[in-house]
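Participant: For the record, the sequence lines run as chains A and L. Quick note on numbering: my numbering labels position 102 of the first sequence as 102, and the sequence is numbered without any gaps. Quick note on numbering: my numbering labels position 331 of the second sequence as 331, and the sequence is numbered without any gaps.
Each hint should be verified, as a subset may be incorrect.
Footprint (simulated), chain A over chain L, 3 or more residues, beta carbon under 8 angstroms [what the hints assert, rightly or not]: (1) 29 to 41; (2) 215 to 222; (3) 246 to 253; (4) 280 to 289; (5) 362 to 371.
In the BS3-like style, the derived pairs of lysine-lysine whose C-alpha atoms are separated by at most 27 angstroms in a straight line are [claimed, not checked]: (6) 115(A) x 106(L); (7) 387(L) x 374(L); (8) 106(L) x 6(A); (9) 220(A) x 65(A); (10) 99(A) x 115(A); (11) 117(A) x 82(L); (12) 106(L) x 82(L); (13) 6(A) x 246(L); (14) 171(L) x 117(A); (15) 374(L) x 171(L); (16) 99(A) x 220(A); (17) 82(L) x 115(A); (18) 99(A) x 65(A); (19) 106(L) x 171(L); (20) 374(L) x 246(L).
By construction, these hints were calculated from the structure, which means they are not laboratory data. Each residue gets a CB set at the ideal place from its N, CA and C atoms; glycine is no exception.
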Amino acid sequence: MSAFHKIIASVRSALERKVDTAPIHPDNGLAVLPSSAAARRAELTAQFGRELERVGGHFYGSLTKAEARDRAVTIAAETAARSAIVGAGVTFDADLIAKGLARNRVEVMRPDRLKEKDRAATRDRVANCELGFIEADYAIASTGTFCVVATAQRPSSITILPATNFIVVAADRILPTLADVIAAVGPERFATHRVALITGPSRTADIEKLIVIGVHGPRKLYAAAITP
Amino acid sequence: MPQTSPHDFFAASSAATADLELRRKLENATGNHLHHVAETRAEFPAYDTERDTARQIKEDAIQHLDELLVELKNRLEANGCKVFIAADAAEARDYIVDVARRSGAKQVVKGKSMTTEEIELNPALTAAGIEPVETDLGEYIVQLRRETPSHIITPAIHLSREDIGQLFAAKLGIEYTPEPEQLTAAARERLRSIFLGAGMGVTGANFAIMETGTLVLVENEGNGRFSSTLPETLVVLMGIEKVIPKLADLSHFLEVLARTATGQKLTCYTNFIHGPRRADELDGPREVHVVMIDNGRSRMLADPVLREALYCLRCGACLNVCPVYRRIGGHAYGVPYSGPIGSIVSPNLFGAAAAHLPFASTLCGACRDICPVKIDIPRILLHLRWKEGRGDGLPQVAFPRDVMRTRRAMHRFARLARHPRTIRLLTRCAAVVAWPFTRDGYLRRMPGAFRNWTRTRDFRAPRSRG
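If we strip away everything but chain A, and leave its shape as in the complex, we get:
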């Protein structure tokens, strides 16, 4: 008997159960949620913005893609960013953002499928980027949270290493609650991808419970909802 099975046997013996009794709890299910998210888009966007601002983010409201590109350029200028990393989009082509930044003399990095020999150099380049732009997969209105599913073209580093993040989300992907977003991403992607829920810039209250924004992760988080 392996060590694992020995411990499972001791757990089973502690439970005093030799055979299966009742099934695992019935589906508690998702909270019953209104399915009219699309109809409530404006309301959800406003709620998302309010919540994000409460946790230290800066919300630009609803923007078109072109307006988002212009905002990205403004943020780069305001934060004196000379280099930026732009992750692949979910609902639109992020080339638009990358080209806008490049035209304004920001060195732009576009992550793609990586070869092992380039790993260290790529990591160093990302670490030196001052601005990270990414389109989130979903957002949670009730908490002001972005949900980002990582892929080779959308690495987690974008929302970890740069000091400033500009994260956008399609307005129709702002869902009311956490349970909605977890269901929308779905078990399959949670089993195969790194997923992060991001609620504001990184923070701590480890010194006298006083809140300080910007610990290891980004210090500034700008956000917008993208309208069609």
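Dock chain L against the given chain A, drawing on the hints supplied.
Facilitator: Coordinates of chain L only, in the frame set by chain A:
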């Protein structure tokens, strides 16, 4: 294994209670926390419903723990993780140190994890010539002071900003400042290069989802994200009780966890780790090791009353409301898990060294009221006291002599109380003896050995009739 005793606890708690500066810091920090928690909970009408649901899920999960663990292991392995189940702290430590050696890492970056404190991982890594670096700000501070955390989620709760300013000036060579922003920036700068160069990361896990084989790590600073994303090798250490059945269950826990732990709706980062990175991905470890540790948990599982303590989410809220913790802080407990929940789990994890802790409680019930999964902590503490009294499964506590005297007296009284006639007779005798000290039906001042009993309270005098 922590080396402590009831004598140490009495000495440390007496000293802490007399330390007014420590009490000011604790009151300040825990008071701030309770204010935030009350605000956030008031804004969320479904809070109590979510608590009930979360508890129900935990009850079911613990009831089927064996099945869930087998399936979780299968899913994690299918995702590419290496799974090791450790019977005790030594097995877990040895495995992690071995992984660190094989990875060739000189430094190990650690996300915040109380389970690594439980197994005393840092001394083991150091002994193997590998430097563990705590990256949660609070943990980093206490590591620089060569201390242990004094709170489950706020490790440096016992320190003021001035204390930390002096520490950073001495250890990091920066100019003294008591400003939290500047102190945080100094730690950020120091730890950033360590993150980028570390060969191995170690984190805990708040939940493990059986359905998807996903580990969930909640945090605010980014230390968990960095530690689990940048190093080539990742070790996730989790107690066997952390497994939940389904992905859909998770939201019920996340809705209550941060609200109770920090007064936030959701922590800044919730990280989902499924396994190693794909070959073409930049981020994520090449190797993921998941260490599931028993270390006394199946013993707790075998006791139907104690089993409830395995529902704990380690939010730390019970510490913040506990009148004992708020006066003595975490270090007086002498074990990694302090406060009400620590007084329950520690005797089962650390044996004789913590067997006295169930007695370090006023049983006021504030911990039960704030618990996000409604653990009846006072009931479990009473159960542990009862077990200790019967010598049932727990080591006998070697209390100080005066406590033992009181204890023996109470045992004798308990025996007497089973004989009503004798009690009536003795009460009459006591009424005669106490008559010279009785004023208006009360004993206000007693002589000799009884003096302490009446020093701060009045007793109703025994009556010869009725």
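Participant: Now tell me, hint by hint, if it's right for this structure.
Facilitator: Hint check results:
1. 29 to 41: holds (count 3)
2. 215 to 222: Satisfied; 3 residues make the cut.
3. 246 to 253: holds (count 7)
4. 280 to 289: holds (count 5)
5. 362 to 371: violated (count 0)
6. 115(A) x 106(L): Cα-Cα ~25 angstroms, so holds.
7. 387(L) x 374(L): 22 angstroms, holds
8. 106(L) x 6(A): 34 angstroms, violated
9. 220(A) x 65(A): 21 angstroms, holds
10. 99(A) x 115(A): 24 angstroms, holds
11. 117(A) x 82(L): 25 angstroms, holds
12. 106(L) x 82(L): Given that 27 angstroms is the threshold and the Cα spacing comes to 22 angstroms, the pair holds.
13. 6(A) x 246(L): Holds, because 25 angstroms separates the two Cα atoms, which is no more than 27 angstroms.
14. 171(L) x 117(A): 37 angstroms, violated
15. 374(L) x 171(L): 42 angstroms, violated
16. 99(A) x 220(A): 22 angstroms, holds
17. 82(L) x 115(A): 24 angstroms, holds
18. 99(A) x 65(A): 13 angstroms, holds
19. 106(L) x 171(L): Given pair residue 106(L), residue 171(L) holds - Cα atoms ~21 angstroms apart, limit 27 angstroms.
20. 374(L) x 246(L): Holds, because 21 angstroms separates the two Cα atoms, which is no more than 27 angstroms.
Hint check: violations occur at hints 5, 8, 14 and 15; the rest are consistent with the structure.
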